[in-house]
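Note that the protein sequences, when read in sequence, are chains A and B.
Take 133 as the starting number for the first sequence in my numbering and just add one per residue.
Take 3 as the starting number for the second sequence in my numbering and just add one per residue.
What the hints contain is simulated information worked out from the structure, not anything from laboratory work.
Note that beta-carbon positions come from the ideal geometry of N, C-alpha and C, so glycine has one too.
Please note: incorrect hints may appear among the correct ones.
[Said to hold, decoys possible] One side only, chain A facing chain B, incomplete, derived with CB under 10 Å: (1) Ile144; (2) Gly172; (3) Gln177; (4) Met182; (5) Lys189; (6) Glu211; (7) Pro215; (8) Ala224; (9) Gln228; (10) Gly229; (11) Pro230; (12) Pro231; (13) Glu233; (14) Gln234; (15) Tyr235; (16) Pro238.
[To be verified] Derived BS3-like pairs: lysine-lysine, alpha-carbon spacing no greater than 30 Å straight-line: (17) B:Lys39 <-> A:Lys197; (18) A:Lys189 <-> A:Lys149; (19) B:Lys24 <-> A:Lys150; (20) B:Lys39 <-> A:Lys203; (21) B:Lys70 <-> B:Lys60; (22) A:Lys149 <-> B:Lys44; (23) B:Lys44 <-> A:Lys203; (24) B:Lys44 <-> A:Lys197; (25) B:Lys70 <-> A:Lys189; (26) B:Lys60 <-> A:Lys189.
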Amino acid sequence: EAQVTQNPRYLITVTGKKLTVTCSQNMNHEYMSWYRQDPGLGLRQIYYSMNVEVTDKGDVPEGYKVSRKEKRNFPLILESPSPNQTSLYFCASSLQGPPYEQYFGPGTRLTVT
Amino acid sequence: GENVEQHPSTLSVQEGDSAVIKCTYSDSASNYFPWYKQELGKRPQLIIDIRSNVGEKKDQRIAVTLNKTAKHFSLHITETQPEDSAVYFCAAGGGGSNYKLTFGKGTLLTVNP
Chain A
133 EAQVTQNPRY
143 LITVTGKKLT
153 VTCSQNMNHE
163 YMSWYRQDPG
173 LGLRQIYYSM
183 NVEVTDKGDV
193 PEGYKVSRKE
203 KRNFPLILES
213 PSPNQTSLYF
223 CASSLQGPPY
233 EQYFGPGTRL
243 TVT
Chain B
3 GENVEQHPST
13 LSVQEGDSAV
23 IKCTYSDSAS
33 NYFPWYKQEL
43 GKRPQLIIDI
53 RSNVGEKKDQ
63 RIAVTLNKTA
73 KHFSLHITET
83 QPEDSAVYFC
93 AAGGGGSNYK
103 LTFGKGTLLT
113 VNP
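For reference, chain B alone in the conformation it holds in the complex (with noise of 0.2 Å):
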């Protein structure tokens, strides 16, 4: 089955920086790769996802690269604010008669003011 890593799993930047997170996946069939936030005591929404097809995309100040060949993605959070403070986390999954989405561990995301 699909195997996630993802790094680090703590990350604190100061307010401006960027913050980078990278997963690995293993099955080369995976063709989605969202990424998930999770302020702390709530559920986890949806920031920003990517399909096999597209090798980047952007939405304001997030943006998620993706080599299919390496088998790894990544967020890139610009302009941090404290706001962005959060468990983050990458998944992956879909591709064929895979209907799993498998989790990273996650990623403590401080953004110190």
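So here's chain A without its partners, still in its complex pose (with noise of 0.2 Å):
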């Protein structure tokens, strides 16, 4: 079954401990992306992929890092999560990048406590 699939799904976690949620795609798609999702705000981009070893911030990079070492995986680290970095977060894939249909994962709710 083609899909995204992200882990964890849940996270609690304390202020600066380090954290790392994965994403994974077996559709081959070169392009991924990762975003956040706070009520009243929609959703934002946080950094995209658009093949191994080629990354690009988003719209709100700041305090996030990503890597894609491998076309499946695009991971998002959380070097010293803070509060304000509670949120639900989207991991998405597509063949490539815009125009093409972006396919989202479940979602990752994290609360940084």
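Assemble the dimeric complex from its two separately framed chains, guided by the hints.
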């Protein structure tokens, strides 16, 4: 089954404790992206990747890192999480960048206390 | 960068009525305009998209119109049904070397039986 997976689905952590949210797709997509969703703010793009070893900032990259060492994986790294990073995070992938349809993962709900 | 404004933020209609959601964008280079539907607790899913070389696109009860001169695009849902109740997001991006996708803040559509 073609899909985008994320792990973990739920995470509660404390300020400053490094964490990684994994994202994997099995559709051989070149483009992958991370979004955060906050009430009243919609979806905001954090980082995107056009292909292996090619990443670029979205609209809200501060406090986040990404890597793209393999085509199928695009982990999101929070080196020192803060409470303002409490949010719902979505990974997405598409065959190539816009105008190709993006397929979203199930989401990761992160709480930083 | 791109800025997408979406209105209204909430919309309540009676079953069978039509619903219209409007978006404006700022970057004239954007050439891809998708609409996503997000049901409660679920991931966003593409329902229709339009590219800048097309003025209108229709898929059964859903249609999207694009006015590139005015930089606005709209989602039209006819004969609404209770299962159309969800949050709808517009987005704009692509074009030239722009590989980002910028979303509006969303519209909560409620269809009352």
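Outcome of the hint check:
1. Ile144: Violated, because the Cβ-Cβ distance from Ile144 of chain A to chain B comes to roughly 18 Å (cut-off 10 Å).
2. Gly172: holds (6 Å)
3. Gln177: At 6 Å from the nearest chain B Cβ, Gln177 of chain A passes the 10 Å test, so the hint holds.
4. Met182: holds (6 Å)
5. Lys189: holds (9 Å)
6. Glu211: Violated, because the Cβ-Cβ distance from Glu211 of chain A to chain B comes to roughly 23 Å (cut-off 10 Å).
7. Pro215: violated (22 Å)
8. Ala224: holds (8 Å)
9. Gln228: holds (9 Å)
10. Gly229: holds (4 Å)
11. Pro230: holds (3 Å)
12. Pro231: Constraint on Pro231 of chain A satisfied, holds at 4 Å.
13. Glu233: Check passed: Cβ of Glu233 of chain A comes within 5 Å of chain B, closer than 10 Å.
14. Gln234: holds (7 Å)
15. Tyr235: Holds, about 8 Å.
16. Pro238: holds (6 Å)
17. B:Lys39 <-> A:Lys197: holds (28 Å)
18. A:Lys189 <-> A:Lys149: holds (23 Å)
19. B:Lys24 <-> A:Lys150: Given pair Lys24 of chain B, Lys150 of chain A is violated - Cα atoms ~40 Å apart, limit 30 Å.
20. B:Lys39 <-> A:Lys203: holds (27 Å)
21. B:Lys70 <-> B:Lys60: holds (18 Å)
22. A:Lys149 <-> B:Lys44: Answer holds: Lys149 of chain A to Lys44 of chain B is near 28 Å, not above 30 Å.
23. B:Lys44 <-> A:Lys203: holds (25 Å)
24. B:Lys44 <-> A:Lys197: holds (25 Å)
25. B:Lys70 <-> A:Lys189: holds (26 Å)
26. B:Lys60 <-> A:Lys189: violated (33 Å)
When each numbered hint is compared with the structure, violations occur for hints 1, 6, 7, 19 and 26.
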